[in-house]
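Protein chains in written order, with this note's numbering: chain A, 1 to 112; chain B, 1 to 116.
Simulated from the structure, these hints should not be mistaken for laboratory data.
Fair warning: this is a prediction, and the values are worked out from it, not measured in the lab.
Backbone N, C-alpha and C fix where the C-beta goes; we use that ideal spot for every residue, glycine too.
Watch out, some of these pointers could steer you wrong.
[What the hints assert, rightly or not] In silico lysine to aspartate or glutamate, EDC-like type, Cα no more than 20 Å apart, as pairs:
hint : chain 1 : residue 1 : chain 2 : residue 2
1    : A       : Lys52     : A       : Glu69
2    : B       : Lys11     : A       : Glu42
3    : B       : Lys57     : A       : Asp2
4    : B       : Lys11     : B       : Glu85
[Claimed, not checked] On the chain B side, residues computed to face chain A include the following (Cβ under 10 Å):
hint : residue
5    : Thr30
6    : Phe65
7    : Glu68
Spelled out from the first residue to the last, the chains are:
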Amino acid sequence: GDSVTQMEGPVTLSEEAFLTINCTYTATGYPSLFWYVQYPGEGLQLLLKATKADDKGSNKGFEATYRKETTSFHLEKGSVQVSDSAVYFCALRFQTGNQFYFGTGTSLTVIP
Amino acid sequence: GAGVSQSPSNKVTEKGKDVELRCDPISGHTALYWYRQRLGQGLEFLIYFQGNSAPDKSGLPSDRFSAERTGESVSTLTIQRTQQEDSAVYLCASSPRTSGIWETQYFGPGTRLLVL
């Protein structure tokens, strides 16, 4: 079935380090791909998205490229900040249907 | 403006009791989703409401689970005869419209349910 697999955490980085959180998916069609972020004490919010192969989503210095050949949507940031500490969720959704498929979430802690 | 709110934030109940969880979506959002997140797992879709259309209940895990929504307002998720495996965080999300792949969901903070 359709699913999303995320890199397990927790991840701890020093400030200004490079971040990669891996996400791969299994899908029978051509989904849209999303990254959501949950900051401490807050609800999930959309970070970025990509709707077709080779699209790059970007927001707040984060980027992810829709790679159809490797069925991946890895999240990257060149220089993390303490304020990036949060839980990050990868998700997919098809153009038809109402369901989102979420990964298990990856907790990131950035230390000064 | 106000975001999606959920109540209660925490609920502890005894096995076999019924519980009711509430979600207040953002005003004007026609779409509303319920999810369940068990410890260490991803979000599990439960049910989807879109305006006055029949809800998509395909994610409800058993007939002990039900949800209602009147128009485009508050939604309640009811779990009857709770079991320990129902312990989870229940998340609600709303969206301003269904526009296919462009839909952005706005999530509430969740209700943490513990069944003893």
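Hint check results:
1. Only pairs whose Cα atoms come within 20 Å are accepted, and Lys52 (chain A) paired with Glu69 (chain A) is accepted, the gap being roughly 12 Å.
2. Between Lys11 (chain B) and Glu42 (chain A), the direct Cα distance comes to roughly 18 Å. Compliance with the 20 Å bound is thereby established for this hinted pair.
3. Under the criterion of a C-alpha separation no larger than 20 Å, the hint pairing Lys57 (chain B) with Asp2 (chain A) is consistent with the structure, at around 18 Å.
4. At roughly 14 Å between alpha-carbon atoms, Lys11 (chain B) and Glu85 (chain B) fall within 20 Å of each other, so this suggested pair holds.
5. At a threshold of 10 Å, the smallest CB-CB gap from Thr30 (chain B) to chain A is about 12 Å, leaving the interface hint violated.
6. For the restraint placing Phe65 (chain B) at the interface with chain A, the shortest Cβ-Cβ distance is roughly 16 Å, beyond the 10 Å limit, so the hint is violated.
7. The restraint placing Glu68 (chain B) at the interface with chain A is violated, with a minimum CB-CB distance near 17 Å, outside the 10 Å limit.
Checked against the numbered hints above, the structure violates hints 5, 6, 7; every other hint is satisfied.
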